[in-house]
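J.: With chain F fixed as given, assemble chains W and E onto it according to the hints.
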Amino acid sequence: MSVFDGLRFRKVYSPIHNLDPRIKFVYVISIFVVAILFSQIIPLMLLFLLQIPFVLLAKVSRQWLRSLRGASFLAALIFVINIATTFFTSGYRITPLNIEYAASLTLRFVVLVESFSVFFLTTSPDHLGLALEESRVPYEFAFAFTTAVRFVPVLAEEAQTIMDAQKARGLELEKGGLLKRIRNYVPVLIPLIVSAIRRSLELAEAMESRAWGATKKRTNLYALKLHRGDYALLAISVGIIAIAVYTHFFVSIPTITSLL
Amino acid sequence: MAIIETKNLTYTYPGASKPSILDVSFKVEKGEFVLITGPSGCGKTTLCRCFNGLVPHFYQGELKGEITVAGIDPLKHHTYEMAKHVGLVFQNPENQLFALSVEKDVAFGLENVGVPREEIRKKVDHAMNLTGIYDLRERSPHEISGGQQQRVAIASVLAMEPEIIVLDEPTSFLDPLSAEKIFEVINDLNKKQGITVILVEHRLDLTAKYTNHLIVMDEGKVRFEGPPREILSSDETRLIGVGIPKATLLYQMLKKDGLNLSATTPLSSEELADQILEAFKPND
Amino acid sequence: MIEAENVHFSYPNKVEALKGVSITIKDGEFVAIMGQNGAGKSTFVKHFNGLLKPIEGIVRADGIETTKTSVARLARNVGFVFQNPDHQLFSETVEEEISFALKNFGFEPKVIEERVTWALNLLSLTQYRKTSPFLLSGGERKRVALASVLAWDPKTLILDEPTIGQDHEQKEILRQFILQLQSQGKTVVIVTHDVEFVAESNPRVVLMKEGKIVADGVGKDILTDPALLEMSSIVLPQIAQLFTKLSPLGLPKNIIDIYEAKEIILKAKERKPLQ
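Protein chains in written order, with my numbering: chain F, 1 to 260; chain W, 1 to 284; chain E, 1 to 275.
Chain F extracted, bound-state conformation (with noise of 0.2 Å):
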């Protein structure tokens, strides 16, 4: 099944995958906060930029390609509406200056789901849960999320055996108008949804079976350690935010149309 490839990490190690996802997710936060303060276009520009070093390095490119396709739809979307409400309310005209304007809104969008896109794409589930086991989100929900990561491959096989069982009791899934189709899936979805649920009991006996519960004060086999990428890391994401707040109260921003 092609769309749960995706979400099935491939396991690709560079200097960018191994650093701390609680210091990547500041940095992505910085990068959250500096393009909310800019609405001009040049600096947004550069916030764009500054990712493309990131997503060299960790070697994902092709993937951050394809989800910035996955975003244009939506970027043109926000560029055409903020185009249309603009000519309609200011006279039925457009300047230079409104085209610039629309842009670096959409840029803006960009930029704060392309951050986050890189971030995904740069952490490893293993890597992301051992980092909410070590923050202070409560253990239950690290848990969750790991063993939710951890059967997506299981229960995408067990979709596509389903799909084959009905199929074979002559099942046509592609046949019918959309109200057919959808009635059609109900014989997958209840062998899965009742697959899921007599999983989730299995679990649940091997963890009590295995302490679950026994202390408030669990302990972790992996310890996430700060190195020296990760420091260099923390002082760019304040360096960035440090220079940003200056510029945007003391330096004057040209627009490109007035560079022109």
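Not one of these hints is a red herring.
Computed from the model, here is a short list of chain E residues facing chain F with C-beta under 10 Å: (1) Lys-46; (2) Val-71; (3) Val-78; (4) His-87; (5) Gln-88; (6) Trp-152.
Hint data in this document are derived by calculation from the structure and do not stem from the laboratory.
Backbone N, C-alpha and C fix where the C-beta goes; we use that ideal spot for every residue, glycine too.
T.: Then chains W and E, alone, in the frame of chain F:
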């Protein structure tokens, strides 16, 4: 002192019309390898869950009778306390592994109990070595075979260093070759590490040779208990629907037709082969 | 009749699962497809009802080429019972469950009613007609799944690992049932790694390894060939193991049946003087 003792144990699942286990009484000594068998629905799975308190704590309902496991009454203790003394390995390998790497799964129980990191590391490595999965430690559970997954499940229970390990049909989903490997691992844990083992199985041809204490259940009750050789040669056992090893059946057939075989009932083809070869030797 | 000629198949993102397999299964045959996990057994049989289409080569079920036909059409003649009944069961009652396929295939309501009653009877499920399948035991659910496939009376029946999780008696009942189906002229194909079950049933055995068929023939001969079995990671059946150890007596090695074993041993003893 028996490490497990039950007296008149009776349990009915909530909503069930009749008890799953009825008046079950037996004793298990420390270091024994106990084999429990019986047709589907005989209560062996329910019995397993009594040992660590899943019955009645997880399944609700009332457990009547007395039970002591490693000196503790499971009725009066939480399942997580029982987990330190008795480990339970289940049928389906896939649904016992929840972490994203093998060693994290093996560490799960120790993490839950709050063991310090260095100790977890040591115990996890030790458990993985005992079950032969050390090389798989960084793999994800979905990548490994069913037999390997089951060994991970055993390791994760072993890591908590329980006195008793209970395995409920651990090889149901495995092919015969993987099943044999699992039984060898379990036997080693019993004979070399001194862990008391309770194994629920149908495949008597592969497992009867490891035990001196066989329990046959039917319809919730213990029907036979004792050394496997006697029990497996009786007609009554066969009539319950238990899968008698072919070697044992053939032995009885040959003896009935006059072949001069020894008085000891064989449990495996090796034993029977030796007996047949002996019977064919010329009388000098 | 099932025919496969030089079938090649690969799953997306994976290595070649079938590397040129060919087989002819005639009507009324009982075939056991065996091999290690990953050998390609399930992949192969899924071609028989069109669930999978060959990338190279041809598969024909009763003369119809599977590449050009829908699964629904092929399923009319080739019934497939999956390993886990819970992957099929979804209806409110056993009756509805069994009528599902019949409705899909367009049977008349009167005929559906007859077939359901027949199938319930065949699998001893009549008292559960109005019961929810989810409330039944594991063994009973397996029977409901089987009944729901037999209901439309396919000429060929494929069973994927039918013995998993079954106790001795349930396997014996299944074995008898398969013999019964055979006597009715049905073609039965099972995918299994249960060597003992196959030894007791003595079907035609097709042994697979790494996407290829390495042996195809009489169960007795294949299941007692130690070299073959070791290559395919299959265990010798118990009786065969016994006879391997009895080699000093010069007895035949291709014995898998317990009654034949008894006869041979006793005859051999009679032939020896002064015992």
